[in-house]
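**Q** In case you want the letters, here they are:
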Amino acid sequence: MAEITDLGIAGIRDGFRAGDFSAREVAEAFNSAVAAGKALNAFIIETPDHAILAAEAADRARAAGELLPLSGVPLGIKDLFCTAGYQTTAASHILGGFTPPYESTVTGKLFAAGAGMLGKLNMDQFAMGSSNETSYFGNVVSPWRRNDGGNAPLAPGGSSGGSSSAIAARLVPAATGTDTGGSIRQPAAFTGIAGIKPTYGRCSRFGIVAFASSLDQAGAMAQDVRDSAILLEAMCGFDPKDSTSLDVAVPKWELGLSSNLKGKRVGIPKEYRVDNMPFEIDALWKQGIEWLRDAGAEIVDVSLPHTRYALPTYYIIAPAEASSNLARYDGVRYGLRHLPDGANLQDMYAATRAAGFGPEVKRRILIGTYVLSAGFYDAYYTKAQKVRALISRDFEDVFKSVDVLLTPTAPSAAFALGEKSADPLEMYLNDVFTVPASLAGVPAMSVPAGLDGQGLPLGLQIIGRPLDEQGVLNAGLAIEERAGFNAKPQNWWSN
Amino acid sequence: MSVDAATVRKIASLARIAVTDGDVEAMVPELNNILGWIEQLGEVNTDGVAPLAAVIPNHQRLREDVVTDGNVRDKVLSNAPQPEHGFFAVPKVIE
Chain A
1 MAEITDLGIA GIRDGFRAGD FSAREVAEAF NSAVAAGKAL NAFIIETPDH AILAAEAADR
61 ARAAGELLPL SGVPLGIKDL FCTAGYQTTA ASHILGGFTP PYESTVTGKL FAAGAGMLGK
121 LNMDQFAMGS SNETSYFGNV VSPWRRNDGG NAPLAPGGSS GGSSSAIAAR LVPAATGTDT
181 GGSIRQPAAF TGIAGIKPTY GRCSRFGIVA FASSLDQAGA MAQDVRDSAI LLEAMCGFDP
241 KDSTSLDVAV PKWELGLSSN LKGKRVGIPK EYRVDNMPFE IDALWKQGIE WLRDAGAEIV
301 DVSLPHTRYA LPTYYIIAPA EASSNLARYD GVRYGLRHLP DGANLQDMYA ATRAAGFGPE
361 VKRRILIGTY VLSAGFYDAY YTKAQKVRAL ISRDFEDVFK SVDVLLTPTA PSAAFALGEK
421 SADPLEMYLN DVFTVPASLA GVPAMSVPAG LDGQGLPLGL QIIGRPLDEQ GVLNAGLAIE
481 ERAGFNAKPQ NWWSN
Chain B
1 MSVDAATVRK IASLARIAVT DGDVEAMVPE LNNILGWIEQ LGEVNTDGVA PLAAVIPNHQ
61 RLREDVVTDG NVRDKVLSNA PQPEHGFFAV PKVIE
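Protein chains in written order, with our numbering: chain A, 1 to 495; chain B, 1 to 95.
Worth flagging that the hints you see were computed from the coordinates, not collected in a lab.
One or more hints might be untrue.
Which bits of chain A does chain B cover? Going by a derived footprint, with three or more residues having C-beta under 8 Å, they are [stated by the list, open to error]:
id, segment
1, 289 to 300
2, 372 to 383
Listed next, the in silico EDC-like pairs over lysine to aspartate or glutamate satisfying Cα-Cα at most 20 Å (straight line) [what the hints assert, rightly or not]:
id, chain 1, residue 1, chain 2, residue 2
3, A, Lys241, A, Glu103
4, A, Lys264, A, Glu28
5, B, Lys10, A, Glu360
6, B, Lys10, B, Glu30
7, B, Lys10, A, Asp347
8, B, Lys10, B, Asp23
9, B, Lys75, B, Asp65
10, A, Lys38, A, Asp6
11, A, Lys286, A, Asp275
12, A, Lys362, B, Asp69
13, A, Lys270, A, Glu298
14, A, Lys264, A, Glu290
15, A, Lys252, A, Asp6
16, A, Lys241, B, Asp65
17, A, Lys109, A, Glu66
18, A, Lys362, B, Glu64
19, A, Lys400, A, Glu280
20, A, Lys488, A, Glu3
21, B, Lys92, A, Asp14
22, A, Lys241, B, Glu64
23, A, Lys109, A, Asp49
24, A, Lys362, B, Asp65
25, A, Lys38, A, Asp20
26, B, Lys10, B, Glu25
27, A, Lys420, B, Glu30
28, A, Lys400, A, Glu481
29, A, Lys420, A, Glu271
30, A, Lys362, B, Glu25
31, A, Lys286, A, Asp49
32, A, Lys262, A, Glu3
33, A, Lys270, A, Asp247
34, A, Lys241, B, Asp21
35, A, Lys362, B, Glu30
36, B, Lys75, A, Glu3
37, B, Lys92, A, Glu290
38, A, Lys264, A, Glu298
Note that the structure is a prediction, hence the values are computed from the model and not measured.
C-beta atoms are modelled at their ideal positions from N, C-alpha and C, and glycine is treated no differently.
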């Protein structure tokens, strides 16, 4: 039999049900992998006790014939989700030691479905970053290495880089992620795993540390499309505690999986062919088109004319919302407090926030404060919301004639840590293909599709109509079956 | 539009983030670089376009006007840096 830690959600669930192993064996195997994987720095805290308790409950449930959908499955949880009784920091200093007395809706649903937690996963600070270099707890390292023998540590993508690294290294079978401008899809592409951001409003934002509320959306990261469907199904659902939560039924996505795309139309947006894109990514995109054609789909060239304005629009709206959301960190109610000698209340706020936020977070708060300030609000923020309306309309128009869109997920394979961190703008450009779907709130996923010449994974992105996660998953499955991606990083990290 | 050192100091003060002279010096070109790049939105004709309010159509819900939570003072204070006598304590704000 395969190693337990090579199994994904479906493999664990089904093997556990069949009696191949106990939930406790599963939890112990992954707890050991987590403990041995410290070189990746994928976890901020490890929670083996939580995983064991859930496993014991799963073993009892199996004996009693009362299995839950995720009984026996341990997961990694991004540190943006509040977990009752377990430290939640959003990888920041300002939330150091913060232990929520309440549970986020998404993690509450996962635990109620029988899942256990292996630990809180490292990430970019407040989910602001594309490489996991902004965490207060240090960089996450990708388990992948270039095949040039140089062993340069590579970025696992961001902001859900602890999630992507841990899944690719088989420290966890699957993990939660959150996506504001590509934070699930880009790290999934960089590490050869699958990741889906559902329609905005599908997952409750209650208890998820807020970054940019009109864009933030939780989603699933896993080894493959089926596991993504299973995990996402358990995360979604209406929640009265989130005013933007959608009151719609959650479909049975796993049951609905089908890679037969007969009668489906796949759009290829010409604006996603950008300058200086590596030849291999263009070639993989063409290959993806052929795979979907082979699955029965009709391929249609389409245009999303405002695509090039998505990134600058995003870098007004996201910092504006962040500057407002992060105003709550004031050193009074929770987290860090810095009180210089003789300081008054205003000094305390400013000293606390200067000490507690990292450079990228400060940069975004300042940009957000500037674009919202008197005299500039209309020129920046209102203008950006108008362009966002046009970007959203582009998608509406194109989805009148096609069912899904196929694009690359990122304009490059994983880069080395430190390679892009000197220039914030260059880092922002990495999200060029993922940000438009975030601005429009539509579902999108990345599936691993091949390796580049350096032996690094590349992903393809599928974007779908609002609420049509099934269409996205099915096209993803069609690619997955044809790509036969089974490359794994060589284990250099276990001690 | 571009920012100078005085503007950066002003927005840092609005955002309640203490900055040193060195911070300001580094931030001026960084923010100008980003703001300059954002300016390209000026090219887009948005005449007659309403600013987007919600990406996915949703309706505002009303809930029953009843207490759903409360009596959790100790939980609320459990992460406070300086809880005192059941309150959040801060430096003196009145003379």
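**Q** All hints, please: hold or fail.
**A** Cross-check of the supplied hints:
Look at the segment 289 to 300 of chain A against chain B: 0 of its residues bring a Cβ nearer than 8 Å to a Cβ of that chain, fewer than three, so the hint is violated. Check result for the segment 372 to 383 of chain A against chain B: holds, 6 residues qualifying (beta carbon to beta carbon below 8 Å, three or more required). The hinted pair formed by Lys241 (chain A) and Glu103 (chain A) meets the criterion: a straight-line CA distance of about 12 Å does not exceed 20 Å. Between Lys264 (chain A) and Glu28 (chain A), the direct Cα distance comes to roughly 44 Å. Violation of the 20 Å bound is thereby established for this hinted pair.
Taking the CA atoms of Lys10 (chain B) and Glu360 (chain A), the gap is near 19 Å; set against the 20 Å cutoff, the hint holds. Among the hinted pairs, Lys10 (chain B) with Glu30 (chain B) is consistent with the structure: their alpha-carbon atoms are about 16 Å apart, no more than 20 Å. Simply put, Lys10 (chain B) and Asp347 (chain A) have alpha-carbon atoms about 15 Å apart, close enough for the 20 Å limit, and the pair holds. At most 20 Å may separate the alpha-carbon atoms for a hinted pair to count; Lys10 (chain B) and Asp23 (chain B) meet this at roughly 13 Å.
Simply put, Lys75 (chain B) and Asp65 (chain B) have alpha-carbon atoms about 23 Å apart, too far for the 20 Å limit, and the pair is violated. Distance check on the hinted pair: Lys38 (chain A) and Asp6 (chain A) sit about 18 Å apart at the alpha-carbon level, within 20 Å; holds. Between Lys286 (chain A) and Asp275 (chain A) the alpha-carbon distance is near 16 Å, which keeps this suggested pair within the 20 Å criterion. Restraint check for Lys362 (chain A) and Asp69 (chain B): the C-alpha separation of about 34 Å exceeds 20 Å, so the hint is violated.
In summary, the hint linking Lys270 (chain A) to Glu298 (chain A) is supported, as the alpha carbons are separated by about 16 Å, within the 20 Å threshold. Only pairs whose Cα atoms come within 20 Å are accepted, and Lys264 (chain A) paired with Glu290 (chain A) is accepted, the gap being roughly 14 Å. For the proposed pair Lys252 (chain A) and Asp6 (chain A), the alpha carbon gap of about 25 Å is over 20 Å, so the pair is violated. In summary, the hint linking Lys241 (chain A) to Asp65 (chain B) is supported, as the alpha carbons are separated by about 14 Å, within the 20 Å threshold.
Of the supplied pair hints, the one linking Lys109 (chain A) and Glu66 (chain A) holds, its CA atoms being roughly 17 Å apart against a limit of 20 Å. Pair hint Lys362 (chain A) plus Glu64 (chain B) does not hold up; C-alpha atoms about 40 Å apart against a cutoff of 20 Å. Taking the CA atoms of Lys400 (chain A) and Glu280 (chain A), the gap is near 31 Å; set against the 20 Å cutoff, the hint is violated. With a CA separation close to 14 Å, the supplied pair Lys488 (chain A) and Glu3 (chain A) stays within the 20 Å bound.
Between Lys92 (chain B) and Asp14 (chain A), the direct Cα distance comes to roughly 61 Å. Violation of the 20 Å bound is thereby established for this hinted pair. Note on Lys241 (chain A) and Glu64 (chain B): the hinted pairing holds, with a Cα-Cα distance of about 13 Å set against a maximum of 20 Å. With a CA separation close to 19 Å, the supplied pair Lys109 (chain A) and Asp49 (chain A) stays within the 20 Å bound. Using a Cα cut-off of 20 Å, the hinted pair Lys362 (chain A) and Asp65 (chain B) is violated, with the two alpha carbons roughly 39 Å apart.
For the suggested pair Lys38 (chain A) and Asp20 (chain A), the alpha carbons sit about 29 Å apart, so the restraint of at most 20 Å is broken. Taking the CA atoms of Lys10 (chain B) and Glu25 (chain B), the gap is near 14 Å; set against the 20 Å cutoff, the hint holds. Proposed proximity of Lys420 (chain A) and Glu30 (chain B) is supported: the alpha carbons are some 14 Å apart, at most 20 Å. Restraint check for Lys400 (chain A) and Glu481 (chain A): not satisfied, since their Cα atoms lie roughly 28 Å apart, outside the 20 Å limit.
Simply put, Lys420 (chain A) and Glu271 (chain A) have alpha-carbon atoms about 24 Å apart, too far for the 20 Å limit, and the pair is violated. Taking the CA atoms of Lys362 (chain A) and Glu25 (chain B), the gap is about 14 Å. The hint holds against a cut of 20 Å. For the hint pairing Lys286 (chain A) with Asp49 (chain A), the CA-to-CA distance comes to about 47 Å; that exceeds 20 Å, so the pair is violated. Proximity of Lys262 (chain A) to Glu3 (chain A) is assessed by CA-CA distance (about 37 Å); at most 20 Å being required, the pair is judged violated.
With a C-alpha separation of about 35 Å, the suggested pair Lys270 (chain A) and Asp247 (chain A) falls outside the 20 Å cut-off, and the hint is violated. A threshold of 20 Å between alpha carbons decides the hint, and for Lys241 (chain A) with Asp21 (chain B) the separation of about 43 Å lies outside it, so the pair is violated. Note on Lys362 (chain A) and Glu30 (chain B): the hinted pairing holds, with a Cα-Cα distance of about 12 Å set against a maximum of 20 Å. The suggested pairing of Lys75 (chain B) with Glu3 (chain A) is violated, with an alpha-carbon distance near 43 Å, which exceeds 20 Å.
Restraint check for Lys92 (chain B) and Glu290 (chain A): not satisfied, since their Cα atoms lie roughly 69 Å apart, outside the 20 Å limit. At most 20 Å may separate the alpha-carbon atoms for a hinted pair to count; Lys264 (chain A) and Glu298 (chain A) meet this at roughly 6 Å.
In terms of the numbered hints stated before, the structure departs from hints 1, 4, 9, 12, 15, 18, 19, 21, 24, 25, 28, 29, 31, 32, 33, 34, 36, 37, listed from lowest to highest.
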